[in-house]
Amino acid sequence: MKSLQQLHTFGLPAHCTDFVRIQSVHSAHTFIAQHLEQPFYLLGQGSNTAFVADYQGTVAEVALKGIDVQENDSHYIIKAAAGESWHELVVYCLKHTMYGFENLALIPGTVGAAPIQNIGAYGVEVERFIKSVQYIDLKTNQVHSIAAKDCEFGYRDSIFKHALWQKAMIVGVTFLLPKAWQPVVTYGELAALHAPSAQDIFNKVVEVRQAKLPDPNVLGNAGSFFKNPIISCETLAALHQQFPSMPFYPLDAEAVKIPAAWLIDQLGFKGQFEGGIRCHPKQALVLTNAEQGTGEQLLSLARRIKNAVAEQFSIDLEHEVQLIGAKGKVLL
Numbered sequence: 026m027k028s029l030q031q032l033h034t035f036g037l038p039a040h041c042t043d044f045v046r047i048q049s050v051h052s053a054h055t056f057i058a059q060h061l062e063q064p065f066y067l068l069g070q071g072s073n074t075a076f077v078a079d080y081q082g083t084v085a086e087v088a089l090k091g092i093d094v095q096e097n098d099s100h101y102i103i104k105a106a107a108g109e110s111w112h113e114l115v116v117y118c119l120k121h122t123m124y125g126f127e128n129l130a131l132i133p134g135t136v137g138a139a140p141i142q143n144i145g146a147y148g149v150e151v152e153r154f155i156k157s158v159q160y161i162d163l164k165t166n167q168v169h170s171i172a173a174k175d176c177e178f179g180y181r182d183s184i185f186k187h188a189l190w191q192k193a194m195i196v197g198v199t200f201l202l203p204k205a206w207q208p209v210v211t212y213g214e215l216a217a218l219h220a221p222s223a224q225d226i227f228n229k230v231v232e233v234r235q236a237k238l239p240d241p242n243v244l245g246n247a248g249s250f251f252k253n254p255i256i257s258c259e260t261l262a263a264l265h266q267q268f269p270s271m272p273f274y275p276l277d278a279e280a281v282k283i284p285a286a287w288l289i290d291q292l293g294f295k296g297q298f299e300g301g302i303r304c305h306p307k308q309a310l311v312l313t314n315a316e317q318g319t320g321e322q323l324l325s326l327a328r329r330i331k332n333a334v335a336e337q338f339s340i341d342l343e344h345e346v347q348l349i350g351a352k353g354k355v356l357l
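Using my numbering, the first residue of the sequence shown is number 26, and each one after it goes up by one.
By construction, these hints were calculated from the structure, which means they are not laboratory data. One thing to keep in mind: the hints can contain errors.
What the hints assert, rightly or not - Pair by pair, the computed Cβ-Cβ distance ranges are:
no. : residue 1 : residue 2 : range
1   : Gln-95    : Gly-296   : 37 to 43 angstroms
2   : Thr-122   : Asn-242   : 25 to 31 angstroms
3   : Ala-188   : Ala-220   : 42 to 48 angstroms
4   : Glu-259   : Lys-90    : 46 to 52 angstroms
Stated by the list, open to error - When the alpha-carbon atoms are kept at most 25 angstroms apart in a straight line, the in silico SDA-like pairs for lysine to any residue are as follows:
no. : residue 1 : residue 2
5   : Lys-156   : Tyr-180
6   : Lys-237   : Glu-113
7   : Lys-104   : Glu-86
8   : Lys-282   : His-265
9   : Lys-204   : Ile-92
10  : Lys-237   : Glu-214
11  : Lys-331   : Leu-357
12  : Lys-307   : Leu-357
13  : Lys-282   : Glu-259
14  : Lys-174   : Tyr-101
15  : Lys-295   : Glu-321
16  : Lys-174   : Pro-203
17  : Lys-192   : Gly-145
18  : Lys-27    : Glu-321
19  : Lys-27    : Gly-82
20  : Lys-90    : Lys-156
21  : Lys-252   : Gly-353
22  : Lys-156   : Ile-102
23  : Lys-295   : Asn-332
24  : Lys-156   : Ala-88
25  : Lys-186   : Thr-83
26  : Lys-104   : Glu-177
27  : Lys-282   : Glu-343
28  : Lys-295   : Pro-254
29  : Lys-186   : His-265
30  : Lys-90    : Asp-162
31  : Lys-331   : Glu-214
Where is the CB? At the ideal position from N, CA and C, for every residue including glycine.
Let the sequences and hints guide you as you build the complete structure.
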């Protein structure tokens, strides 16, 4: 049995039957060939995964490294291996005057995890820069490249969470960064910046994230635990009759996004404990492993929050973090 406590940022006590670190495409093919009929779970840096029980199978850490940059008249073409740190790629591009990723600074996790989650922050989602994703089909053991338009990107969502869940091992991502850079400063604290450079935006994003979110190296967590729910404008109008101060962000003519943190905060969960798991006192959307918590305690607190929000607001919260139990994915 291999301990998983240091392999996911929640730091919950859990084990797996076996553990493998994959550092090349060749070793990926070998691993897949040997585990076709056996249960396994693919892991990056474990920043969006919580092992809530001992996993009965092999955990494979995808740790392929390498960055290759080419360019044409209009774009930089960046090919990054799946095991590269996302934040370090952002820093690398900024250092080499390739701009666009700065709004996505300090998001934990790997390059390979970025398209799965369609990571986003401060008005930017990674899908806008993705050209294609390279993956190995786990049934055929063949490498495929899927174009961004076929990835079914949505809010914190992609084909890799659905049709290709546990059917594909992402080995690399190809990005296009436009040479004609335009800053995106429409969101939150960035709106106060005047004619910022990409470095200015990067610095502000890092500053705000460090102020708002607990460092997983210090306090076990996986960032935002729940997605911000999307509801219809009609539903919002009805809710505003009862909760006139409910904030929202328009998405289009028919839908709005509601801050999940506001919903949770209204119900008094900030600072609450369930055993050693705590709803962060500064940011209600973050659940933390404050005092040697367990997977059962995390599930219990998350379910309490989900049920309370449903009862009070008739809104269904969906968890953003992948919860992995003995047999695989666990739903609240």
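Results of checking the hints against the structure:
1. A beta carbon spacing of about 50 angstroms between Gln-95 and Gly-296 contradicts the range 37 to 43 angstroms that was offered as a hint.
2. Hint check: Thr-122 to Asn-242, Cβ distance near 29 angstroms, so the stated range 25 to 31 angstroms holds.
3. Checking the proposed 42 to 48 angstroms range against Ala-188 and Ala-220 shows it holds: the Cβ atoms sit about 43 angstroms from each other.
4. Distance hint check: the CB atoms of Glu-259 and Lys-90 are about 49 angstroms apart, consistent with the given range 46 to 52 angstroms.
5. Distance hint between Lys-156 and Tyr-180 is fulfilled; the C-alpha atoms sit about 18 angstroms from each other, no more than 25 angstroms.
6. Pair hint Lys-237 plus Glu-113 holds up; C-alpha atoms about 20 angstroms apart against a cutoff of 25 angstroms.
7. Between Lys-104 and Glu-86 the CA atoms are separated by roughly 20 angstroms; this keeps the pair inside 25 angstroms, and the hint holds.
8. At most 25 angstroms may separate the alpha-carbon atoms for a hinted pair to count; Lys-282 and His-265 meet this at roughly 14 angstroms.
9. Restraint check for Lys-204 and Ile-92: the C-alpha separation of about 18 angstroms stays at or below 25 angstroms, so the hint holds.
10. Restraint check: the Cα-Cα separation between Lys-237 and Glu-214 comes to about 12 angstroms, which is no more than 25 angstroms; the hinted pair holds.
11. Simply put, Lys-331 and Leu-357 have alpha-carbon atoms about 8 angstroms apart, close enough for the 25 angstroms limit, and the pair holds.
12. Proposed proximity of Lys-307 and Leu-357 is supported: the alpha carbons are some 24 angstroms apart, at most 25 angstroms.
13. For a cut-off of 25 angstroms, the pair hint linking Lys-282 to Glu-259 stands: about 13 angstroms separates their Cα positions.
14. Our distance criterion of 25 angstroms between C-alpha atoms is met by Lys-174 and Tyr-101, whose separation comes to about 19 angstroms.
15. Our distance criterion of 25 angstroms between C-alpha atoms is met by Lys-295 and Glu-321, whose separation comes to about 19 angstroms.
16. With a C-alpha separation of about 18 angstroms, the suggested pairing of Lys-174 with Pro-203 holds against the 25 angstroms cut-off.
17. For the hint linking Lys-192 to Gly-145, the alpha-carbon distance of about 24 angstroms falls within 25 angstroms, and the restraint holds.
18. This hinted pair checks out: Lys-27 and Glu-321 have alpha carbons roughly 20 angstroms apart, not beyond 25 angstroms.
19. For the hint linking Lys-27 to Gly-82, the alpha-carbon distance of about 10 angstroms falls within 25 angstroms, and the restraint holds.
20. For a cut-off of 25 angstroms, the pair hint linking Lys-90 to Lys-156 stands: about 19 angstroms separates their Cα positions.
21. A hinted pair counts as satisfied when its Cα atoms are at most 25 angstroms apart, and Lys-252 with Gly-353 qualifies at roughly 21 angstroms.
22. With a C-alpha separation of about 9 angstroms, the suggested pairing of Lys-156 with Ile-102 holds against the 25 angstroms cut-off.
23. The straight-line distance between the Cα atoms of Lys-295 and Asn-332 is roughly 16 angstroms, inside the 25 angstroms bound, and the hint therefore holds.
24. Pair hint Lys-156 plus Ala-88 holds up; C-alpha atoms about 21 angstroms apart against a cutoff of 25 angstroms.
25. Taking the CA atoms of Lys-186 and Thr-83, the gap is near 20 angstroms; set against the 25 angstroms cutoff, the hint holds.
26. Only pairs whose Cα atoms come within 25 angstroms are accepted, and Lys-104 paired with Glu-177 is accepted, the gap being roughly 21 angstroms.
27. Taking the CA atoms of Lys-282 and Glu-343, the gap is about 13 angstroms. The hint holds against a cut of 25 angstroms.
28. The straight-line distance between the Cα atoms of Lys-295 and Pro-254 is roughly 19 angstroms, inside the 25 angstroms bound, and the hint therefore holds.
29. Taking the CA atoms of Lys-186 and His-265, the gap is near 33 angstroms; set against the 25 angstroms cutoff, the hint is violated.
30. Taken as a hint, the Lys-90 and Asp-162 pair is honoured in the structure, with Cα atoms around 20 angstroms apart against an allowance of 25 angstroms.
31. Proximity of Lys-331 to Glu-214 is assessed by CA-CA distance (about 29 angstroms); at most 25 angstroms being required, the pair is judged violated.
Checked against the numbered hints above, the structure breaks hints 1, 29 and 31 and satisfies the rest.
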